[in-house]
Every structure is written in structure tokens, then in C-alpha cells.
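Residue numbers (my numbering), protein chains in the order written: chain A, 733 to 987; chain B, 211 to 503; chain C, 7 to 265.
These are computed hints drawn from the structure, not numbers from a lab. Each hint should be verified, as a subset may be incorrect.
[Claimed, not checked] Only pairs whose alpha carbons sit at most 25 Å apart, straight line, appear in this in silico DSS-like list of lysine-lysine:
hint, chain 1, residue 1, chain 2, residue 2
1, A, K883, C, K164
2, C, K23, A, K845
3, A, K845, B, K403
4, A, K811, A, K866
5, B, K218, A, K903
6, A, K845, A, K866
7, A, K811, B, K220
8, A, K763, A, K930
9, A, K976, A, K845
10, A, K845, C, K154
11, C, K164, B, K218
12, C, K173, B, K218
13, C, K164, A, K755
14, A, K760, A, K883
[What the hints assert, rightly or not] To spell it out: a stretch of chain C is covered by chain B in this simulated footprint if at least three of its residues, at any positions, have a beta carbon under 8 Å from a beta carbon of chain B; those stretches are:
hint, region
15, 30 to 39
16, 218 to 224
[What the hints assert, rightly or not] Under 8 Å between C-beta atoms, here's a sample of chain B residues computed to sit facing chain C:
hint, residue
17, I216
18, P238
19, S255
20, R256
21, F258
22, F262
23, P332
24, I334
25, L338
26, A467
27, W474
28, A482
29, L485
30, V487
31, T490
Source: prediction; values computed, not measured. A virtual CB, placed ideally from N, CA and C, is assigned to each residue, including glycine.
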Amino acid sequence: MSRDPIIIINDLRVRIGGKEILKGVNLKVPKNCVFTIMGPSGSGKSTLLRSINRILDLYDDVEVSGDVVVDGVSVYDPKTDPIYVRRLVGMVFQIPNPLPHLTIYENVALGPKINRLVRSRRELDELVRWALEKAYLWDEVKDRLHVPAVKLSGGQQQRLCIARALAMRPKVILMDEPTSNLDPVATSKIEELIIELKNYLTVVLVTHNPFQASRVSDYVAFMYDGTILEVGSVDEIFTKPKNKYTEMYVTGRMG
Amino acid sequence: MRGLGIRKLKSYLMISLITTVSVLALIPIFHLITSVTLKGVEVISRNFPNIFFDVRPIPGSKEVGGIGPYIVGTLIITSLSIPITLTISVLASLYSSEALSRFERSIGKYTRLFTHMLIEFPTIIIGLTVYGLLTSINNLFNINIPRFSLLAGTLALIIIVTPYVYSQVEDALKSIPSHVREAVYSLGVTRVKAAYILLRYIKPALYASITIGVFRTISETAALLFTAFGSDHYPILDSQILFRPIGTLTLAIYNFALSPYENWIDLSWVAAFTLLVMSTTLFVISKVLSRGR
Amino acid sequence: MRDGFSIVLKTSWNPVKEDYGILPAIVGTIISASIALALALVLSVSTSVLIVEVLPRRLRSLAEVLVDLAAAIPSVIYGLWGLYILSPFLKEFVMDRVVELGLGGIFGYPRGLGTSIFSASILLSIMITPFAASIIRVGLRSIPIHIKEVLASLALTKWEVIVMELKYIRRTIFTALAVAYGRAVGETAAVAMVVGNTLTTDFFKVFSPGYTISSLIADQYPNAEAYTYMVSALFTAGLFLFMLSLVINVLVMIYGEKR
Chain A
733 MSRDPIIIIN DLRVRIGGKE ILKGVNLKVP KNCVFTIMGP SGSGKSTLLR
783 SINRILDLYD DVEVSGDVVV DGVSVYDPKT DPIYVRRLVG MVFQIPNPLP
833 HLTIYENVAL GPKINRLVRS RRELDELVRW ALEKAYLWDE VKDRLHVPAV
883 KLSGGQQQRL CIARALAMRP KVILMDEPTS NLDPVATSKI EELIIELKNY
933 LTVVLVTHNP FQASRVSDYV AFMYDGTILE VGSVDEIFTK PKNKYTEMYV
983 TGRMG
Chain B
211 MRGLGIRKLK SYLMISLITT VSVLALIPIF HLITSVTLKG VEVISRNFPN
261 IFFDVRPIPG SKEVGGIGPY IVGTLIITSL SIPITLTISV LASLYSSEAL
311 SRFERSIGKY TRLFTHMLIE FPTIIIGLTV YGLLTSINNL FNINIPRFSL
361 LAGTLALIII VTPYVYSQVE DALKSIPSHV REAVYSLGVT RVKAAYILLR
411 YIKPALYASI TIGVFRTISE TAALLFTAFG SDHYPILDSQ ILFRPIGTLT
461 LAIYNFALSP YENWIDLSWV AAFTLLVMST TLFVISKVLS RGR
Chain C
7 MRDGFSIVLK TSWNPVKEDY GILPAIVGTI ISASIALALA LVLSVSTSVL
57 IVEVLPRRLR SLAEVLVDLA AAIPSVIYGL WGLYILSPFL KEFVMDRVVE
107 LGLGGIFGYP RGLGTSIFSA SILLSIMITP FAASIIRVGL RSIPIHIKEV
157 LASLALTKWE VIVMELKYIR RTIFTALAVA YGRAVGETAA VAMVVGNTLT
207 TDFFKVFSPG YTISSLIADQ YPNAEAYTYM VSALFTAGLF LFMLSLVINV
257 LVMIYGEKR
């Protein structure tokens, strides 16, 4: 890992409702790459992802120790505003979740507008267009920007959600199993997009699917029972894994 | 980070504002409960325990009197209407939730729609309807059923309360997991027997719905104004009881509050306190029962 | 129906002449229910948001029980409290003060205990708030966690999240308010006790005593049978109230949340 890390996680421990979900995670995520956290369900990868932008704050009974540093900002420093962190770090979820009461345009414009990232309506229009183009969606929706977002197909909705995250101009984008509810065609389109995104930001992807991890990642971390068992480049993890469990997982004997 | 400070300030101010507004909304409730309790207990202490048995004083007298007939009236009208309400509700909800044919299902659907509407109709209209219905029956058959009577009041209460109990029981039946329902029907028992088993399964919910039914019954005022009408005497337990007007706690609160006599108004507070204790008790019971689910 | 439709448009109520008009009662109903609704909108949305989104868990269930209990108090008890405590309070601290400002011409002049359309409105708003709040609370609770997560992930402040959530459940809020409006329109015992039950030519002035449809029926029924046409007049009023509720119900069915 030669490049500078944009995310550094130091001995992160998370307890939810008294149960230890993350048992001391250490991780460095380099800039401008696709970094995949792979592991079976229940291994804590979703919780790890949610601790990076403090979405965990929404849950009751959460205790966090250790720290996460994103782009030099200590996320769990009491002086750090979670809103500031969420400006740096965008997020895409498992369920394509455009806000159903908003139009396509409004879904993308919401974040930048409230966060005053633009000065004028024209700038906002341009930003929305830019984000939709980057999400490979512009051509499909440019004539119906003002119809409700729920009219789109599942794959289009998920790309809209990516555009919505991109419009905030984040440095990092977190993706929590973004294709698990999509068909194979929509999935491959999103995977193509994920690879493209690393040209201007860092993608942290969570998946339980080793094939997806091998297709899109630069680096892979294998997570099991609240700890990271192994981290390496995609080649290292898939061709010469050091850990027994990693090997079992990537060869389909576990998971 | 343009404007983040202002946005956070606004967030803080707005949340403080809704907190203040909510507290303002709760103050009247606190005040109502305390003032009814204080005033009620104060008057009760003047003639305890006879205040729960005596009749109201005659106009102009300075006695305290009591609310005996109204308590008895409320108990009579409730124990008369609740069994009928419950029977109708249970049968109707079994019919609509355990429907087997398309015809039965569509009947169930319309019953549900109708009861949802009935719940939202002003009860005074149901009182008027019962009054009008009895008038028409009297004219049609040339008989004379008294419209201001226990019979009319019970009828009105059944129409008002049944939709509430029905939707409670129906919700409970619907919430039975399908594996339980399948297990029951796979026993090869008759529909009646299956219904009986399912009812036993939702027993706590059934008790909760009775509680809610009783609560609705004892709280009703408007529909009783021109049906039960009200009476200041102890009901005489004879064959004609159904055909005479009867007093209830709610009617007593209403009539005494609007009367010109100080000591009658005092009795209104006593009746209100008594009713408040009864309805709060039922509220607590229904909360406990539904928590068990 | 001796008078036909004109009963709805007339403002007189004179049993001796068998002359009945229910316009003041209709106007009174609509004014009181509408003021109550406007207040209940603010109160019920605030308490629901406070309970679901702001309060810590322990206080949350306490506040919730209190609001539910408020919805369980029989309306006639609200009426008694409204008549002897709320109305005099409003008269002394609101109505008399406004009249002192010389606005009596617009709002009318309170009498006696202060029973008036205004008192009825305030009492109704107190009564329908817990009821609307319980529906709104269910709506707020039913917002999926992934919607809450996405709002937070877009760097929204707590208040901005709440505003978006309220927009998300706007159909539920509509349902809650429409049903609450229906309750306010049909409420009888409590309103009949605080509205004043007097027919004046100032029936559109809120500080004056007035009538609502249901309070008119409740107030006049004891002597209705002594007159030839009063029973029919009261039934017409009842029919009008019935149609008003029907319209509200149908609106809820069309535009509201499926319940």
C-alpha cells in the first residue's frame, strides 16, 4: 500500500446493546481506490462501515472506543461535528432508497442545497447534471428529471442514490452491499460505475460476495467475527491468501 | 462549511421550540386531572361514603346529596350492552378474518369498511338515528316503545361500541401467525371448533378489547341524551325497567354542570372524578393486557 | 321538511313561531373545528416529534403514556373542566384583554363564564391533539431505518432530518388531521358545555356565545317534542352533520394513508 491512506482506523471497538460487534479493528484505506470489506453475514462489516461516517449515532445503546480518522479529521473526537464528517463521506445503502416523496432532481439536489454547496439555481442544475452523468444515469433521466424517483427501475434507483451521494462532492463513498437487491444486468452496470469512481474519490465497499470483491476491488479486507483477519491487494487475497478462513471463504467453502 | 453554525443554531432553536410547545400541550391535561381530583375529593370528603349512595338534593336545598343512582345506572347499562356488543363483535370478526370463500371475504371487507366509518361518525348522530328508528317503528306498528328509555340507550351504545370492539378482535385474529392458524385447521376439526381454539389463542387481546368496550360505554354522553335521557332516581328492578329512562354518570356530569345550583355543580365534579378513576383504571388494565402480547 | 333547504340558510331560531334556521350552528361548527385543527396541527406534530425523535427512552414512554391517557379521558369531563376552569381563564386573560384593545367589534364580547366559540375551539384543540398525535407517532415510527440513515448521511442537522421525515409521512399527517377534524366537528358533550348555547346575530364572532350543530341538537332536544316542527329541524341539523362527517371520511379514504 504505497499510496497515502485517507481513512485510518485504530483499535475500533463497538458494542451495541452490550454485545461486542467490532473487537478491535485496525485498517488503513489508501486514496483513490476501491477498498472492499468482505465477509460472511454477521461479521460486523456493516457496523464497521457505519462507524466511518457516524451513522451509528442513530442507533440506541451504542458504545464506541478507538478512533477513525478520515482525511485528517478524527471522527470520534468530541470536538468533531458528525455533520462535518458526513460531508466528507457519502453513503449508498443496501436497499435502493431514493426519497419516495421527492423527484429525481430533488433527490440529487437535496444534500447540496441544504448544505449550501452551490450559490445559484444554475450551479445547482449543473451539479445535479454532473452527478447524474457520473452515475451513468443522465441519458436515461434527462427528459424526466421532475418525475417521482420511485418511477425508476431498481438499478436506476440505485444509480440515483450514487448520484445523490456524489452530488455532495465527498472524498469517500461508503457502499453497503449496493447490488444485493439488483438483477445481474443492473449489478454489472453498478460494478462498472464503482471502478470508474475511484478516479476521483475513494470507495469503501461492503459485500459478502467474493466474486464481486474480486471483480471491482484494488484491496480487500476479510472480516470475520468482528475482526479483520487479512488485508491485501486483490491478487494477494484471491491467489495466495495467508489465512485459512480467507482461503475457505474465497474458494466458496465458507459463507 | 458555509452556514453550518447557523444551521445548527436553527436546529437547536426549533427543537427547543417544539419542546416548549409540547409542554404547553401537556399542561392542560395535568391541570384537568389535578383539578378534577382535588375538587372531587374535596366534595366527597363532605359526605363520605354516603355520597356514593345518596340521591341528589332537591333544588334549593343546601345538602350535599350523592350520585348513587348514576353509578348504578352506568353499571346496569354497561352490563346490559357489553355482552351483546362482544357477541356481535366476536362473531363478525371471526366471519371476516376466517373467511373461506370469496363471498365471505367480500362481506368481511365491506364490514370492515363500514365499521371504520362508523367509528368516525359523531355519536350524537347515532343517538338521533336510534331515536328516529324507534319513532318510525312506533308509527309503523302503531305501538308505543318509549324513546327515552334504557332500551334505547342500550341500543345506541351497542351501535357505538361494537365497531371499536370488532376492530380490536379482528386485529387480534389477523395477528395470529399463519403457522398457528394452519396447525389449527390441519387438526381436521369443524369450523366452530377451530374458531373456539383461535379465540382461546387470542385470550389476552379479547380481554383488552372488552376493557376498551367498557371504557367506551361508560364514557359516552352525546348519544344517551335523547335515548337513556337520564333519571335522578334509583332504577326499579322490575319488568318495565327497559322502558324507563335511566341516569348515567356522564349524563349526571353534563346536566349538573349546566344546572344553576352550587351543590349540583359540586356533584358534577364528584361524578367526573368517579368516572375519571373508572376510565383511568380501564386504561391501565388495557395497557397491561396489550403489553402482554 | 316544511322549509326545505332554506333552513340551512336562515339565522333565526324561534320555536314559538316554528321558525328554524341552522346557519349559525353550521358556521359555529366550522369555525370552532377549524381553529381547533390549526392549533392541534402544531401541538400534535410537536408532541409526536418530541416523543419519537427527541426524548431519551425513559422520558419517552412516560410522555407517551400521558398523551394516551389524555386521549382516554371522557369528553364530558373535558366539558366540565372547560366550563368552570378553561373558559373563565380564557375570558380573563385573553378575551377581556383583546376587548380592551378595542377589538370587541371584530371578535365579539364575552359574557358570563366566557363560554363562547373561542373557548370551544381551545377546548377542542386540547381534546383532539392527543388523538392526532397518536396517529402521527405511529407514522413517524414506521419510517424505515434506511430512510433515516440516508437523511443523516446527507449531512442534515437534526431539525432538517425532522422536517424531511414530516414530509415523508405527510399523508399520515393528513389522515390524522382529517380524522381529528371529524372528531372536532362531531364532538357534542364538551362543546355543548362551553360554547354558550345562545343564538345571537354575532354568531360569526368568536368571543360571543354561539352554537355548533351538535350542541344545538343536544341543547334543544328536551323541548323539541313540544313543538310541531322542531324535531324535524333538529333532524335536518343531524343530517347536515352526517354529511359533513361523510365528506371528511371519504376524503380520508381517497387521500389518506391506508389504515
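Please write out, lowest number first, the hints stated earlier that are contradicted by the structure. 1, 2, 3, 4, 9, 13, 14, 15, 17, 19, 20, 21, 22, 27, 30
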